[in-house]
Amino acid sequence: MLRRMTPYLFVLPLLGFIAVFTYIPIAQSMNLSLREWDFLSPTKPYVGFDNYRLLLDSREFWNALRVTAIFAIISVPLRLLLALFIANQLLRETLVSRLMRGALFFPSVTSTVAIGVVFSWVFSTDYGMMNALLSSFGLPKVAWLQEPHVALWVLIFVNTWKQLGYDIIIYIAGLQAIAPELYDAAAVDGGRKAHVFRRITVPLVMPTTYFLLMISVIEAFQVFTIVDVMTKGGPAGATDLLVNMLYRVGFNLFDIGVGSALAVLLFAFLITLAVVKSRVIGRKVHYEA
Amino acid sequence: MGVEMIARIKNITSAGLLALLGSTTLAAADVTVEFWHSFGGSSGDALNRIIENFEAENADIKIDAQEIGNYNDIVTKLQAAIPARRAPDAVIMEVTRYGLFADRDVLKDLTAYVDADPLKDDLFNFAREVGVYEGKNYIVPFNSSTPVLYFNKAIFQQAGLDENTPLKTYDDLLAAAQKITQTLGEDGISGIAAPGQFARWGLVMDNDSDLIDSVSGDILLDAPNTIEAYEFMASLVHEHKVASPDGVTQENNGRDAFLAGKVGMMINSTGNYGRSTSALGDDLAVVPMPCNKVCAVPIGGAGIGILSTSEQEVQDAAYKFISFAASPESNAIWFSETGYMPINKNTAEQPLAIEALAEKPGIDVAINQLDVARGRPRPPVVTWMRASEYDLWQAMALGQREVPDVLNEFAERTRAEADRLKK
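So the sequence lines, in the order shown, correspond to chains A and B. Taken in order, the first sequence gives residues 1 to 289; the numbers are from this note's numbering. Taken in order, the second sequence gives residues 1 to 423; the numbers are from this note's numbering.
Please keep in mind that the hints were generated in silico from the structure rather than gathered at the bench. The structure presented is a predicted model; accordingly, all values stated were derived computationally and were not measured. Treat each hint with caution, since some may be false.
Think about it this way: if two alpha-carbon atoms lie no more than 30 Å apart in a straight line, the pair counts; the simulated DSS-like pairs of lysine-lysine are [to be verified]: (1) K232(A) <-> K262(B); (2) K153(B) <-> K262(B); (3) K44(A) <-> K77(B); (4) K153(B) <-> K277(A); (5) K232(A) <-> K153(B); (6) K141(A) <-> K77(B).
According to the in silico footprint, chain A covers these stretches of chain B (three or more CB under 8 Å from chain A) [claimed, not checked]: (7) 98–112; (8) 130–140; (9) 225–235; (10) 383–391; (11) 397–403.
No residue lacks a Cβ here, since even glycine has one placed at the ideal position from N, Cα and C.
Isolated chain A (complex conformation) (with noise of 0.2 Å):
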């Protein structure tokens, strides 16, 4: 009995701290889900699924949707793009390639609110570097943070900036496991460089596509710190992801059912997209040469 139980306590004390810090929230999520309640009142009333009706029929979460998943079609392509080139070309081991790599993954460690905070002041229509260096040139101003359109895409390039170094360093070691054998038995058959990459490196590198792609895909969902500092959702809800609406309703309008629903539907939907991503994509990854 005592040996059959022995596997089990080893992996209780973890258990506990996971039940603590993860499950327990999320119940306790799934339970204000389903009732009215400000944070201050004593009492919670039981409202069925009227918070979930509410925010179904709420033209500010189709918007938050619609507006998040713009975010992560643009910005997972272009990160894992982006990455896969660059760490492509650093993957020889210089000096320089090192020290590309160290700066390159230095905004990865970079306190989140700081670069927000710089990158509004960059940003700043009036202010701001990035308008300085347009009129410069004698091009007008550029509304980024105020114009709905542009907005987004400056939160897509700070973010993209800021988790590049990572996805980076994920490929370099991913391509560096690759067999360098393939890369000479391709080089004798005279392989073109781009032929190469699109036979060898991209399949051969596609776990580490699928891991990063499952991360950023994920963390596309949840981005915040960004937009709080930089946007708070605006101008207009144009840059209102979902996990701010979620801030917003919840901590500042006083509606923790509706905020708790929301957090819900979050959950539901990335785990529903992961289960999606490993049968479709997951099938074509080969974790063998």
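On the provided structure of chain A, position chain B as indicated by the hints.
What follows is chain B alone, placed relative to chain A:
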């Protein structure tokens, strides 16, 4: 040698033990009041002076003051801290946003404390009123303000405007802002800072309207004069382009640009007087708010409340501090350093206040406006309304939506939310 050494160690140990026991006894006698506030920079320094003076007079009470952020940040953090049982003992609360917390019994009813405190008769009526919700006292005023109109004399001069240029009506403001932008726009100087929320409320009142009626509690967001006021404010940004859109998406940008000498005029709380004089020196001028249709200004600022969850002993200590902070001596420090209005009738007799009034031109503008100052209602829905208004203001000011459409819809939603919160 060895015996001497042992004796010395014994002495040191005994002294250490005594000191430890002494400090433990002292610590046991102390009451610590955790106090959340929103004052940094020179205002934070002034608050620290008041706290130091209080602790010098009350050695058994320690004020653990923590700067949390602006008024919005305090509301957000407080509501998260309450269910987590991490709420402070005392907290600064903006005058229109504490109603929800009072309504939910989060804030302690201070009526008994205030009634027994001689301070009650020393407070100006406008100041005492801001602490009253549903007939009970929930906060004691600390920093009271009204919006005022600041302008940069050097910019006016460069733009060819006289210092006495009339700034009474919306048209006056627009004309001065246009002149500055046309003359100095190429140097990166704009006419006026996009009005922040407090200034917006003030400009609505100047247009003979309000956001919520202070007597009946009716929602007036869709009243014709409110719509007209918002149309004027929005036009400064997207139609006339005399206010930078930077100040629309980040309200502090407008103030920061004014302090940096990049904006000609700014409507903002009198609580910005201290930092404005530090930044602009003699170039700063302060004049009363415009009177477009009527002369009226909102009373803003904040007071200090006590949390119901704190122990009685801590609540008593917290009230002692709150009362001290509103005393003439403390209030004179606060007034002279920050520009917030005196709240105590006896503050004017304090040397610091006399000196400030004599030597700091413009510091009395807010005081002189008090004849036309109005308290604002603070039902629970105001917190929601103010939090929601920012996004809608952006849509209007950046020309993305028509002002009447936005305000009509907003009024409906606010009425619905008010009904929901009443339940």
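Against the structure, the hints:
1. K232(A) <-> K262(B): holds, 24 Å
2. K153(B) <-> K262(B): holds, 12 Å
3. K44(A) <-> K77(B): With a Cα-Cα distance of about 20 Å, the restraint between K44(A) and K77(B) holds, given a limit of 30 Å.
4. K153(B) <-> K277(A): Violated - the C-alpha atoms of K277(A) and K153(B) are around 63 Å apart, more than 30 Å.
5. K232(A) <-> K153(B): violated, 34 Å
6. K141(A) <-> K77(B): With Cα atoms ~37 Å apart, K141(A) and K77(B) exceed 30 Å; violated.
7. 98–112: holds (count 4)
8. 130–140: violated (count 0)
9. 225–235: violated (count 0)
10. 383–391: Contact hint for the region 383–391 of chain B vs chain A: holds, 6 residues under 8 Å.
11. 397–403: holds (count 3)
Violation of the numbered hints given earlier is confined to hints 4, 5, 6, 8, 9; the remaining hints are satisfied by the structure.
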